[in-house]
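Novice: Note that the protein sequences, when read in sequence, are chains A and B. Residue 127 in the numbering used here sits at position 127 of the first sequence, with consecutive numbering throughout. Residue 332 in the numbering used here sits at position 332 of the second sequence, with consecutive numbering throughout.
Misleading hints may appear alongside valid ones.
No distinction is drawn between identical chains; accordingly, a pair holds when it is met within one copy or between any pair of copies.
Stated by the list, open to error - Pairs of lysine to any residue residues, derived as SDA-like cross-links and limited to a Cα-Cα distance of at most 25 Å, are as follows:
#1 K154 - E224
#2 K182 - G48
#3 K338 - D171
#4 K295 - R89
#5 K154 - E135
#6 K170 - R92
Derived from the structure by calculation, the hints contain no laboratory data.
Protein chains: 2
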Amino acid sequence: MGFLPSDESERSDAVLFAERLVFGPLLFQGVVSLRRRGVLQKLLRRGGEGATLETLLGELELSRYGLTVLLEAGLAAGVLQVDDEGVYRLARVGLLFERDPMTIANLDFVADVCYRAAAHLDASLDSGEARGLRELSDEENVYQALSTLPEPAKTSWFAFDHFYSDRAFKDLVPRLSARAPKQVLDVGANTGRFACALLAADERVRVTLADLPNQLAVARRELEERGLSARAHFHPIDLLSPELSLPEGFDVIWMSQLLCCFGEEDVLRILRAAARALGPGGELWIVDTFWDRQKQRAAAVTLMGTSLYFTTVANGRGRMYDSATMLRLAQEAGLSVKSVEDSLGLGHSCIVCGSAR
Amino acid sequence: MGFLPSDESERSDAVLFAERLVFGPLLFQGVVSLRRRGVLQKLLRRGGEGATLETLLGELELSRYGLTVLLEAGLAAGVLQVDDEGVYRLARVGLLFERDPMTIANLDFVADVCYRAAAHLDASLDSGEARGLRELSDEENVYQALSTLPEPAKTSWFAFDHFYSDRAFKDLVPRLSARAPKQVLDVGANTGRFACALLAADERVRVTLADLPNQLAVARRELEERGLSARAHFHPIDLLSPELSLPEGFDVIWMSQLLCCFGEEDVLRILRAAARALGPGGELWIVDTFWDRQKQRAAAVTLMGTSLYFTTVANGRGRMYDSATMLRLAQEAGLSVKSVEDSLGLGHSCIVCGSAR
Chain A
1 MGFLPSDESE RSDAVLFAER LVFGPLLFQG VVSLRRRGVL QKLLRRGGEG ATLETLLGEL
61 ELSRYGLTVL LEAGLAAGVL QVDDEGVYRL ARVGLLFERD PMTIANLDFV ADVCYRAAAH
121 LDASLDSGEA RGLRELSDEE NVYQALSTLP EPAKTSWFAF DHFYSDRAFK DLVPRLSARA
181 PKQVLDVGAN TGRFACALLA ADERVRVTLA DLPNQLAVAR RELEERGLSA RAHFHPIDLL
241 SPELSLPEGF DVIWMSQLLC CFGEEDVLRI LRAAARALGP GGELWIVDTF WDRQKQRAAA
301 VTLMGTSLYF TTVANGRGRM YDSATMLRLA QEAGLSVKSV EDSLGLGHSC IVCGSAR
Chain B
1 MGFLPSDESE RSDAVLFAER LVFGPLLFQG VVSLRRRGVL QKLLRRGGEG ATLETLLGEL
61 ELSRYGLTVL LEAGLAAGVL QVDDEGVYRL ARVGLLFERD PMTIANLDFV ADVCYRAAAH
121 LDASLDSGEA RGLRELSDEE NVYQALSTLP EPAKTSWFAF DHFYSDRAFK DLVPRLSARA
181 PKQVLDVGAN TGRFACALLA ADERVRVTLA DLPNQLAVAR RELEERGLSA RAHFHPIDLL
241 SPELSLPEGF DVIWMSQLLC CFGEEDVLRI LRAAARALGP GGELWIVDTF WDRQKQRAAA
301 VTLMGTSLYF TTVANGRGRM YDSATMLRLA QEAGLSVKSV EDSLGLGHSC IVCGSAR
């Protein structure tokens, strides 16, 4: 960035880092507008040629003032570069906001689901409830609110959720199928996405979907539309119930992106219920993203940031766990850990447990 | 940060940078809570010794869950470090959030004045009005709202404003005084902070404060309390009036942190009024922060981020200008630029103009 002097000392590096963090919310909104108003796309198309403010003005629905402050916010955010002739180009980072589906899914999720809610962090910490959810819904937690979330929050929520789970399922369904389970219990089945993937891939398996009744209704529709409901059963369940019990007789109990939604005490209660329900030879497959198992620092940052979504939007109790905590809870619940496999999909791990009895 | 792998490629650097930007709003709120709930202070006191989660839990009003997600957000934000024994310490960046008054003034300003308002960026760009101000006030612009802003927004606004202007005035008052002006017109006098500094430093000078009537009332009280009102006059003025004229007969017309509050057309109109009001030998002193005149990249980032405060909170038209734009407008207004001095206070510049007639 020719117009900005390079930093001279370690302290000024720290100051730059701090100021990017402090002005992060403003720069974030600037980048959201640069993307949604098509500025990044125009610059992507022009590639190395770039474009001046005048050129862009003729092609966009923005005032001269609006385009000026957005372009300069883009410089400050590091997504744009400008040369001495006033020609703007996408920086390497800016390219990600047009080309990288993960960055885009994350951006939409933070912008539409988390941004306003995050301002309620303190109230959420004090109350133990996700006080930010009130920005989107009157429900008590996001899981009860999902089917009635306003747009664009609803679309961004599911796009974020599915972006990661779809990629994990692609790696996990063949692994599970290779074990040839006859009966699988999908705990926290949500919209039935995993059940669909497994039922479609494996003609012999039967899947029981367990979740809240309103989620099961959505999942049932999904399975029926795809002609996959013949080998599916539906088991209404409230995982927050103090007397939780899971149905028995399953070869595999499956919990994908589920336990992160709960506080440690609830995780322990759910894992104990799984341990009780497991027969001899039965296995519990815990699929989640653990920040201490990531290869990329960016992934760890993403996960630890997402924990504050659980605090302020989801239910005030969940978080993206580290695997050390999860393995300790599994042992405390009376499970024996058989294997841990990392780097499934985009950073998922799969912990396979048996009953310790 | 031992627990996080270092990045291997340029692409992963870009991804890390992008994810910090995307999760910036969540990490920002995490850092605000870490500071306001005393976690950073506890860790600062313990220095190299650091503290575990258990130790901190005993000293803070936070649940185990709350402290866990905050500490992990601090790791993700880069303000904390943790070692293999689970001992947390302040990172170099974290130190700034306890020790550096600039970082703290900026943090409070963004948290209390800008955060919620920034979510209204698109509406502000479309309407040409600061739609985010509605989060704080029913007034049309922040200048009319200042005296009635709710807390903590009011305190944080003035702390931010005064932090920069106080340091600039310290460098500028002696320079202005050395020129021995008899009559100074302080345009946009706000709370009278500059007038007080000049009147206290220079026993011969007389200052006329020009601003909106409600601001003048505040300024008058300030001057009276300090016993500085004898050589002060008060001139009510609406700088947005289409028929703006400034009173004549002043040796120096002073505009400090003023022109950034206006759009280019208004800046031109105000500068033309100044050019008309300047007598032979009279000077216009324009004091502002220009992002293209900063030595530190951090300062440029701060200023370009602050432009979005003008868009969403202040009035939907102002911005932190680059000096090239300001010099062009001065010439267009019929002024001749006599000198430009940079690096006054924390990155202010002073443009001294005479009438070109």
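Novice: Each hint: holds or not?
Specialist: Here is how each hint holds up against the structure:
| no. | hint | verdict |
| --- | --- | --- |
| 1 | K154 - E224 | within (22 Å within a copy, 57 Å between copies) |
| 2 | K182 - G48 | neither (56 Å within a copy, 56 Å between copies) |
| 3 | K338 - D171 | within (19 Å within a copy, 69 Å between copies) |
| 4 | K295 - R89 | between (30 Å within a copy, 23 Å between copies) |
| 5 | K154 - E135 | both (13 Å within a copy, 24 Å between copies) |
| 6 | K170 - R92 | neither (29 Å within a copy, 41 Å between copies) |
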